[in-house]
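Chemist: Now that you have both chains on their own, put them together as the hints suggest.
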Amino acid sequence: MSAVVDTPQSPDSAAFLAGPGPKRKLPGWSVGLLLVAAAIGALSTASYLTGVPQLTSSGTFQTAVQLAMPILLAGLGGLWAERAGVVNIGLEGMMIMGTWGGAWAGYQWGPWAGLVAAAVFGALGGLLHAIATVTFGVNHIVSGVAINLLGAGVTKYLSTLLFQPVSHNPRESPPVPKFDTFSMQPLGDWLAELENEQRVGISDVAGILKGLVTGVSPLTMLAILLVPITYLVLWRSRFGLRLRSCGENPVAAESLGVNVYLHKYAAVIVSGALAGLGGAALLLNPGQSGYLENQTNGRGYIGLAAMIFGNWRPTGLLGGAALFGYADGLQLRSGGGAVLALLYAAVLALGVVVIWQLWRRRWVATAVTVSGALILYWVYWSFNELPSQITTYLPHLVTLVVLAVSAQRLRPPAANGVEYRRG
Amino acid sequence: MNARAVLLPPLLAIIAALLLCSIALMISGGNPLEAFGAMIAQVGRGTTAVDIVNTGSTYYLAALAVAIGFQMKLFNIGVEGQYKLAAIVAMIAGGAVALPPVLHTLFILVVAALVGAMWAAIPAILKITRGVNEVISTIMLNWIATGIAAYLIQQSVFGELRGNNLGTPVVAESGWVPGISLGGAGTIFGLVVLAVLAGVGYWVLMNRTRFGFELRASGESATAATAGGVNAKKMVLVAMLLSGATAGLVAMPELLGRDYTYTLNFPAAYGFTGIAVALLGRNHPVGIAFGALLWAFLDKSSVALENVGVPKEIVTIMQGSIVLSVVVAYEVVRRITLAAEQRKVGQQLGTTDEVAA
Chain A
1 MSAVVDTPQS
11 PDSAAFLAGP
21 GPKRKLPGWS
31 VGLLLVAAAI
41 GALSTASYLT
51 GVPQLTSSGT
61 FQTAVQLAMP
71 ILLAGLGGLW
81 AERAGVVNIG
91 LEGMMIMGTW
101 GGAWAGYQWG
111 PWAGLVAAAV
121 FGALGGLLHA
131 IATVTFGVNH
141 IVSGVAINLL
151 GAGVTKYLST
161 LLFQPVSHNP
171 RESPPVPKFD
181 TFSMQPLGDW
191 LAELENEQRV
201 GISDVAGILK
211 GLVTGVSPLT
221 MLAILLVPIT
231 YLVLWRSRFG
241 LRLRSCGENP
251 VAAESLGVNV
261 YLHKYAAVIV
271 SGALAGLGGA
281 ALLLNPGQSG
291 YLENQTNGRG
301 YIGLAAMIFG
311 NWRPTGLLGG
321 AALFGYADGL
331 QLRSGGGAVL
341 ALLYAAVLAL
351 GVVVIWQLWR
361 RRWVATAVTV
371 SGALILYWVY
381 WSFNELPSQI
391 TTYLPHLVTL
401 VVLAVSAQRL
411 RPPAANGVEY
421 RRG
Chain B
1 MNARAVLLPP
11 LLAIIAALLL
21 CSIALMISGG
31 NPLEAFGAMI
41 AQVGRGTTAV
51 DIVNTGSTYY
61 LAALAVAIGF
71 QMKLFNIGVE
81 GQYKLAAIVA
91 MIAGGAVALP
101 PVLHTLFILV
111 VAALVGAMWA
121 AIPAILKITR
131 GVNEVISTIM
141 LNWIATGIAA
151 YLIQQSVFGE
161 LRGNNLGTPV
171 VAESGWVPGI
181 SLGGAGTIFG
191 LVVLAVLAGV
201 GYWVLMNRTR
211 FGFELRASGE
221 SATAATAGGV
231 NAKKMVLVAM
241 LLSGATAGLV
251 AMPELLGRDY
261 TYTLNFPAAY
271 GFTGIAVALL
281 GRNHPVGIAF
291 GALLWAFLDK
301 SSVALENVGV
311 PKEIVTIMQG
321 SIVLSVVVAY
331 EVVRRITLAA
341 EQRKVGQQLG
351 TTDEVAA
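Protein sequence lines correspond, in order, to chains A and B.
Each residue of the first sequence is one higher than the one before, counting from 1 in our numbering.
Each residue of the second sequence is one higher than the one before, counting from 1 in our numbering.
With the rest of the complex left out, here is chain B (with noise of 0.2 Å):
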């Protein structure tokens, strides 16, 4: 692929957004360069630049566990679920133990990924025996995750009351992890060294082994990668494993860096923002990464907005056309460069026939 496929399309789906956002922005009385230039001076204030690079991570790792999926068509719509579980049982598992401070941590993450890998065994294998869509498995399991932790968290069972509002155990401090403190300007979680990790380990995994091949085959074509021996049910088992494992890591860096604690304020929705990552990011750890901070860019300044008038949920429509446009502008770049191709090879075969005749 050269760089024309590769960066065309996302800034012909940035531009479009800005595009629909101004048109929304005019409709309603706004100025859209004073608005976009509110949001953009708003990265220099305050510790908006480093909540940029921390939410960033979070999404990061959410996007990496769908990407997983997405290399062999698989749709891991329960990032979600599965984060959410994770959390709150790492969290339980966490503030229940005692130990030594590395260990302690790295008990945590095992037990995160241990629990997402777990929820996401359960759509892999009601579409291995019983073909379920892991479409609407994944959908369902979202929900009962969110009242199979509404419900643990409950006073009677692991929940404590804090203020007014319900929460884990809190984490030892032998289970946190320092972050990289810039004054002012806030302090790095320590955990964002865990994302950057999980995409170097992504790519080695897609592009430097066996099973990344495997993977990104059955997804290009099942029936030829199973003539060509792969286990298809396996692979499938596999990769919703890893995601699921991946997906259980999500809320690490914020609930090791900052919280220590699980609470019914968590933010929701990192499953489904890891979903339009993903698709931002073409599924390339480097893509997925610029669409990450993309995202937590919008989210971080969109405060901004505020202050010269608009309403800030001005940001999920641009959010939203962004992921549509860029598939879409995907699409159109593919389908040129098919015909640009085309039209080349015609002309090839047309100059040799000449020479023939």
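Next comes chain A alone, as it looks inside the complex (with noise of 0.2 Å):
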């Protein structure tokens, strides 16, 4: 039984694709699976101090699982653009194109034509964001903020024409067929029994489990397996190494013999796609009825700073995307009192941090995490439940500060919004 308690799967098979960084002591895959392990650890405490079981049940790892996809979809088409050197801020308006076309084909015809149809609305935007970009040399940031009031007005002005007929409302689709989900069965049985024996850190780790392995979508399977592919594509391809030599230095990659203007297309197109796709993730999976106006709700922006936070990686995009994923699911199913028991789980992370640094000698940095864990506990303490328009927005929040935190350890691709003249 206790074989169980150290692999999670998802995380584990992606923190094995972490690859070599920098020169450092542990190898890539090794320090993730730490860091899940202490992620874990400190749930399971603190689920278990504050008497707050929602911080590890099955059904909060659900829904944070069906929170993070967008996210994690609209991160991948993130990388795959500023990789390539193009700022894609327009994540959010092709995750519009991606949500209405899915739901118009989807009516139609069923859940895998609407899965395609969203990717292509996407690459579309995708498209039209490289013309502007790599053609015109548009500002990469304008050109983002015009395809976000395109994607939102083409698909309001569609919507009217198209659903209202159906539907009868011009910011609603009429209901979408959804994909059918599959649970790995016993195994999802058993792990319930587990966590419902309510065990110090084994029932946690099963609840954990449980929600990682039931309800599972094959969008969801696509989206995780797409970390994986994305990773072989960028860093072990030679396409690849040429699409990101146009993001760090296109000069050179031109010199060397690179189309450096069809690999930017490429990598947008895909960026678009992507974010398609992750407009999917918010409609073919069961829960919603079908396209809403407003239903993205910002996660482009969202699927833009998981990859910041993840270092432009794709396993640490896949680690922002689970983190914000797990604040929302966990806000949405538990509110105010659930999160308060998060930040009681970060400050004993936070005690764990400050161990580490007292051990390296980094007198500053222990002072600083020192205070922030104060302010954490001071937050827990005073309050007894945190109101719903503030826990809301829990997921921005912890962007600000993860950004704060660790933005000056990060490395964009160097050539990264930069305009690129052929010649």
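These are computed hints drawn from the structure, not numbers from a lab.
Mixed in with the good hints there might be a few duds.
[To be verified] Beta-carbon label-pair distances, calculated as ranges:
{"hint": "1", "chain 1": "A", "residue 1": "Thr181", "chain 2": "B", "residue 2": "Ile15", "range": "44 to 54 Å"}
{"hint": "2", "chain 1": "A", "residue 1": "Arg171", "chain 2": "B", "residue 2": "Ile27", "range": "19 to 29 Å"}
{"hint": "3", "chain 1": "B", "residue 1": "Gly29", "chain 2": "A", "residue 2": "Asn384", "range": "53 to 63 Å"}
{"hint": "4", "chain 1": "A", "residue 1": "Asn259", "chain 2": "B", "residue 2": "Ser28", "range": "33 to 43 Å"}
{"hint": "5", "chain 1": "B", "residue 1": "Ala172", "chain 2": "A", "residue 2": "Glu385", "range": "44 to 54 Å"}
{"hint": "6", "chain 1": "A", "residue 1": "Ile355", "chain 2": "B", "residue 2": "Thr129", "range": "18 to 28 Å"}
{"hint": "7", "chain 1": "B", "residue 1": "Thr129", "chain 2": "A", "residue 2": "Gly110", "range": "51 to 61 Å"}
{"hint": "8", "chain 1": "A", "residue 1": "Asn259", "chain 2": "B", "residue 2": "Lys233", "range": "34 to 44 Å"}
{"hint": "9", "chain 1": "A", "residue 1": "Trp112", "chain 2": "B", "residue 2": "Val196", "range": "55 to 65 Å"}
{"hint": "10", "chain 1": "A", "residue 1": "Thr181", "chain 2": "B", "residue 2": "Leu264", "range": "31 to 41 Å"}
[What the hints assert, rightly or not] Just so you have them, the derived chain B footprint on chain A, three or more residues with Cβ under 8 Å:
{"hint": "11", "region": "129-141"}
{"hint": "12", "region": "181-187"}
{"hint": "13", "region": "258-271"}
{"hint": "14", "region": "303-317"}
Using N, Cα and C, we set each Cβ at its ideal position, and we do this for glycine too.
Modeler: Below you can see the structure in the form of structure tokens.
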């Protein structure tokens, strides 16, 4: 039974792919595993000490996986574009196009057609971004903002035109058929049994695992598969090496015979298609009836933030998407009390960080971390329940805090966002 | 810059946007000429013309706030959150105090500007001390501001329930700003004057002061400006504070001229409109004014489209394609001008060579 304890499935396979980073003592995959183990340890300890079982319940994790997928796909989209040197703030607009396209085709021909249409509609947005930024040299952020406006506008217009006659509501599509979901049986039942036994540690891990193996849709599997695929294509293929060289030093790449424009176009179109799939993940998984206006609600931007959080690498991005999905899933299912318990877990995690920093004799960093932990603890202590209006925006707050803590250690592609002219 | 380089791009962009929308209209079975005709005819009807000026003043302030950042390549995507938080805090503060007429208005305006500046200071400080990209941090702060506003407006905090809508306490009459009544055509907000003043102030600041020069210099080349003795970090902070203070004023013409309370129904997304309008106007105070009026025209006269059987959402497509085509058009015209200049220089060099030979 205890064999399960240290090997949660998806983060494990993801951490394996971390690849050789800068020189460090431990290989990347073991650091990833340690981080995952530490996070689970902090969560289950906090859940035990605060008496809030939702922190590690299977329900929370099932919701978290569903909420993480759109962010993961949008983040992968951002990764493709930015590795080729194009900032893609238009992910949100491309995602909206994806939700609309997915609903339109899914309503008529079923979920798989919806999936393809979502990717195609997103890719159209990507194509537009590529034309503006690569061919015309428009500022990447300006073009992205315009695409977000246009994505919202086009879908509004098309919904009024095509959905309203069927659904009698210009802001909504008719219900769209969903993917069937799979659960790993009898593993799921056995884990549920284990979770209900309320044993310290073991039940927490069982709850997390059950959440990860229950109600998995083909789209979720595809999204998770796309992480290693992206890694293999971008880091282990000739095409990927050329694509990344366009984001690091396009002049050098061109001088070595790489067609920079072509690679940038390919990257931004794939980026749009991935964002479109992210839109489909909001639509074709059970729970949502169809296209809704403002359905994406800024997830494109969160995807971008997850990518920055993950230091422009697929595994880091997976971690970022998991974090935001978890924060979102927790506040959605369990409200303010559980969020406070999460703060408690953060205090515990910071405690471990303090010990590590003391051991490394980083005094200033220790002082900063201690004061951060004290503030969090004060918030935990002085509120009974955070107001729901504020916990709704927890993922955004987490993004901001994580960026403030880590921004200076991140390394974006060197020529990211820089206009490139041939010749 | 000659007149061609200034006027040609926006004209090209509007023509391109009209073409795109005509195609969209024809695909969906509408008549483009009829639709555009109905929109223009709408301006003369009822209060539409005054509405355009009033809404335009709001867009103008939002665009100025964005443009201050743009001048030094600083992307303040956070105007949205800054104006929202500023509006709600200023209305709560304005509803809570009793002051003589002009003082009361000034107090509300100052609170709004201060709150906007404070909210903009967060991304500025994060950028200076931690190197956080201001685009991402301001986007996150927009949502957090929305959350705080929703919290503050609750009945258990500062809100009041009137009818079935939550709002802040109503500001006493001493804080109102009287408008200019045009009878049946509507009333122009008094604070339209504030927008005009802000535009003049912006022009003077950018073109006639040392600060404006340093700001634009650091936008052109941060390294060159630093070499010339400009403190880049200080410029980022001051530019963001000014931008945030201007953003804080965005909602004031409407709130002090018509609503006197901030309700949940208060229109959102002025910040994103501001970005688009600042792009249309190329950061020039007069250009922005035209952009703001054009945007307000598209918004207000779109109502007429329903009468000719066209969904008014087509206007959003038009706005989006105008922005995209205007940035593309400027880029194309810039390149053509550059190529022409190079040719001219080449010819001149060629002739001097011949003379020498």
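Chemist: If a hint holds in the structure, say so; if it does not, say that too.
Modeler: Against the structure, the hints:
1. Thr181(A) x Ile15(B): 44 to 54 Å: 50 Å Cβ-Cβ, so the 44 to 54 Å window holds.
2. Arg171(A) x Ile27(B): 19 to 29 Å: 22 Å, holds
3. Gly29(B) x Asn384(A): 53 to 63 Å: 58 Å, holds
4. Asn259(A) x Ser28(B): 33 to 43 Å: For Asn259(A) and Ser28(B) the Cβ distance comes to about 38 Å; the hint holds.
5. Ala172(B) x Glu385(A): 44 to 54 Å: 35 Å, violated
6. Ile355(A) x Thr129(B): 18 to 28 Å: 26 Å, holds
7. Thr129(B) x Gly110(A): 51 to 61 Å: 52 Å, holds
8. Asn259(A) x Lys233(B): 34 to 44 Å: The hinted range 34 to 44 Å holds for Asn259(A) and Lys233(B), with Cβ atoms some 40 Å apart.
9. Trp112(A) x Val196(B): 55 to 65 Å: 57 Å, holds
10. Thr181(A) x Leu264(B): 31 to 41 Å: Given a distance of about 37 Å, which is inside 31 to 41 Å, the answer is holds.
11. 129-141: holds (count 6)
12. 181-187: violated (count 0)
13. 258-271: Since 0 is below three, the answer is violated.
14. 303-317: holds (count 3)
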